[in-house]
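Trainee: The primary structure of each chain is shown beneath.
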Amino acid sequence: MIAEIALAMLWLAAALAVLQLVLGSYALTVRGAEFLPAVRPIAVVQGVLVAIAFALLIVLFLRTDLSVKLVAANSHSLKPIIYKVAGAWGNHEGSMLLWVTVMGMAGGFVALLERRLNERTMVATLAGQAFVSLGFYAFMLFSSNPFERLNPAPAEGNGLNPLLQDPGLAFHPPTLYIGYVGLSIAFSFAIGALITRDVGPAFARAMRPWVMGAWIFLTLGITAGSWWAYYELGWGGWWFWDPVENASLMPWLAATALLHSVSVLATRNALKAWTVMLAVVAFSMSMVGTFLVRSGILTSVHAFAVDPERGSFILALLAIYIGGALALFGLRASTVTEGARFHLFSREGALVMNNVLLVGVLGIVLMGTLYPLVTEAFDTKVSVGPPYFNPVSAIFVFPMLIIMAAGPLMRWRSDNGRKLSSLMAVPALAAAVALALVVVFAGDIGILPLLGLVFAAGLAIASVLPLWKRNLRRTPAHIYGMVIAHLGIAVALAGMASESAFNTEKLVASEFGQSHTVGPWTIELQGVKPIAGANWTALEARLVARYGDSNVQTVLNPQSRMFASPPTATNEAALLTRWNGQLYAVLGEEGDDGRWQLRLWWKPFVPLIWYGGLMIGLGGILALVGRTSRDRRRKDEPEFEPTAAPAPDPAVAGGKEALA
Amino acid sequence: MIRGLILMVLAMLAAPLAAQDSLPPAPYAYKQLDDPAQEKTAQDLMMTLRCLTCQSQSIADSDAPMAGDMRHQVRTRIAEGEDPEAIRAWLIERYGDWVSYQPQVTAMTWPLFAAPIVLLLFAALIARKRFGRARATGDKS
Amino acid sequence: MKHWAIWLPLALFGVLFAVFATGLIAPADRTIASQMIGKPLPQFDLPQAVPDRPALARTNFTDGKPKLLNVFASWCVPCIAEAPYLQQLADAGVEINGVAIRDRSPDVQQFLARNGNPYARIGADDVSKIQFDLGSSGVPETFVIDGQGMIRYQHIGDIRPEHVPMILQKLKEAQ
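Chains as they are written, first to last, in the numbering used here: chain B, 24 to 683; chain L, -1 to 139; chain P, 97 to 271.
Keep in mind the hints are simulated off the structure, nothing from the lab. Values in this document were obtained by computation on a predicted structure and should not be read as measured data. Check before you lean on any hint, since a few could be wrong.
[As the list claims (entries may be wrong)] Cut-off 30 angstroms, straight-line C-alpha distance, at most; resulting in silico cross-link-like pairs (DSBU-like, lysine-lysine):
1) K225(P) - K268(P)
2) K135(P) - K268(P)
3) K266(P) - K135(P)
4) K127(L) - K529(B)
5) K404(B) - K38(L)
6) K225(P) - K38(L)
7) K135(P) - K161(P)
8) K161(P) - K266(P)
9) K552(B) - K29(L)
10) K127(L) - K442(B)
[What the hints assert, rightly or not] Between beta-carbon pairs, the in silico distance windows are:
11) A555(B) - A84(L): 15 to 25 angstroms
12) A555(B) - I115(L): 52 to 62 angstroms
13) A122(P) - A56(B): 24 to 34 angstroms
14) A87(L) - P143(P): 22 to 32 angstroms
15) L108(P) - A56(B): 36 to 46 angstroms
16) Q183(P) - F401(B): 33 to 43 angstroms
Yeah, the Cβ is synthetic: ideal placement off N, Cα and C, and Gly gets one too.
Produce the complete structure using the sequences and hints provided.
Mentor: Put into structure tokens, the structure is as follows:
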């Protein structure tokens, strides 16, 4: 029964989305104005219904109802509870349901909470959201029904891929997903504002919390995904520019640019068309990512058949929504009124330059990811990987870091550079010291890691400078948010650079009782014994590690696991984290001579990558909370930055707005 | 995305499970070269060579037996003093550009290398136009 | 912004759409074909894999007669499937030289006893070296080598009944 009720809820929600679109569009006409108030409640109910449908899917998975095809294909009665829940979205149909659920709920929350925006723009936004949702409702109901029954029901389910049976990974995909789909709200706001020709600070302030929220989820989702790849795949790699990884990076790059330009629009009423464009691009990148991953045109493995039907469906949705939005942009962008003017050498100017550089990186990642597809059409196979992406993106990233360091210290509208140059001397000095230290103590570590460390040092100092000479207790939360997020970038960058510069690796075939050194560590293999878990068996090694001359012994237990359903082997690396790095141990196979393969790494400062990611996310949360409460306190006043007393510089009074 | 992850994961696992050969790995598949400098050269090269059977990993981080055999080739040749780029060329001669994650500049791939320059020029052009004119009009008013 | 620039994003999306559509309509061929076709067989000299068949070296391919070079292994399932058709080719008078990849001699002997032995010679390659020489990326694969030691054709995957006449044709062309 549950499956049928859930399916009915889904159909009802889809029907309400139709109503939301039709009524919303009619309400925007001259004669339909009386229907304007009806649209918000519809959006709320639609959100509730689809959320119930999703909750019921989780119930089906919790009960392991094998008469439902999706449950039988992806779950197993013996699976731990959290993986039963995670099983609900760990597959195509369930994740599509999560997609429409996030869209529906986001629409519902906007309808409930957002009161500042012009009502007509609001209704246009909700109609836009319904229009986009409808495509995905149709996709699910006509080609990927998650509630399909199976008759007769099998005695047992197929289980969830063991690599996904990991607490981190159970929640990494939905986090990322909420971020992707959360961007749909920004997209709909952009459509709504283009339709009613109402692009301005109110629109930006309405959109900002949603962009920030989605961006926080994306940041945390990508950080978690990289961490998962690092420890679960057993090779210690944290980013490989794989198409799937790139698919998650592209929306983040666009959302990061959007996050900054939306602030300029909210604060300074500038960058109007550019912000609208970025809002469209950000969600477009989410959809492109979904297409790339699900159509299988890039995940190149024989064993997993391409699903051209699904791919065609999503491609059609891309054409309708992205194509439609960009066409609307083309028609309306010229009617968007010109925004406030500013000088290139100003905080807006810095934000614009970084926006452009971010979009540049986005362009490179998109092109590099798709290029093999292009050459394939000419019967040439190429691979584009880290040796391309690392240096080429660096061309954009390093200038971006400099501007990122200087931007927050600059004045709005126009900066004369005097204060800036004295402030920037400090980070420049830090960078010089870092350079000297690395060259003297580490020697030749390669140009990119060297630049990475030097820039990280400079940026770390520069990012806390906005707090200089401020009353720290009266500094608003969003300033702290910015400082922490920017500092997070420096921290993550330092981790990335260390990872490629200072790793030491040791591959050994070890007897019991034999000791090995890797970096400052001495590690002894004491034994290997079989153990059993809930739904797996494993061989577990006992390694005893000592740091330097210390006598403190720490035990590490790397495992190689065998899961029964589906039959799969995984490596569970053992990690030992110290303030200055991480020891990473993997148990390999037993050789003919009874020696065990061990892979040992000492990775100095590598955890900084994920600490940095967490800081960026935390900074986002602070900024979101700070901004939201601020916006609530003074609804109608224009915003002014405390640091941003505009300089009365006559030279810029006639300056034209960039990129709008 | 979730499905993408699953695909990626399965892709990585598929190869080692499909080939159940009984021989131990090739000598230098899981063994480092004695000379740390040579090992680093080999490692840097291996990171940029694509595993033939797993298809979305470098040979430096794959458990597939063929990736192990390829690491053996790379390490042995480096130990014999061969230049890493010569080894790359040797593999490209046999498998095409696909085997290297570092695209070579060819008639087919030059746009990849032109793209960053074009993007930067385009950005500079826009900035110059906008802000250049901005200053000019600003001075007049 | 200039008027044409406003339409630039849509134009770029058009390009993106075209790329995606081509990718869907003509899904990429995932096999990695050897680039060695038309080039001479590289130098190799492999030890004997089983006692009752001689070892295999490059010199065995330069006696003027086209031959097949079949890469196989006892652990490879499709190799069992193609065994009868390799036998058919051998019965038609084709000389087939095999290379057992990453295999143990007893396992190969057992495999041949169970599935037939169409090979004139069998070399043993414990480190897949011959595969890298040939540009082969999997097992089984079959190469047509002409009488001068030139690689003329690569067949990826197991040989099925419908491939037998085609391979015979390729051998004829290699005369």
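Trainee: Hints broken by the structure, by number, lowest first?
Mentor: 4, 11 and 13
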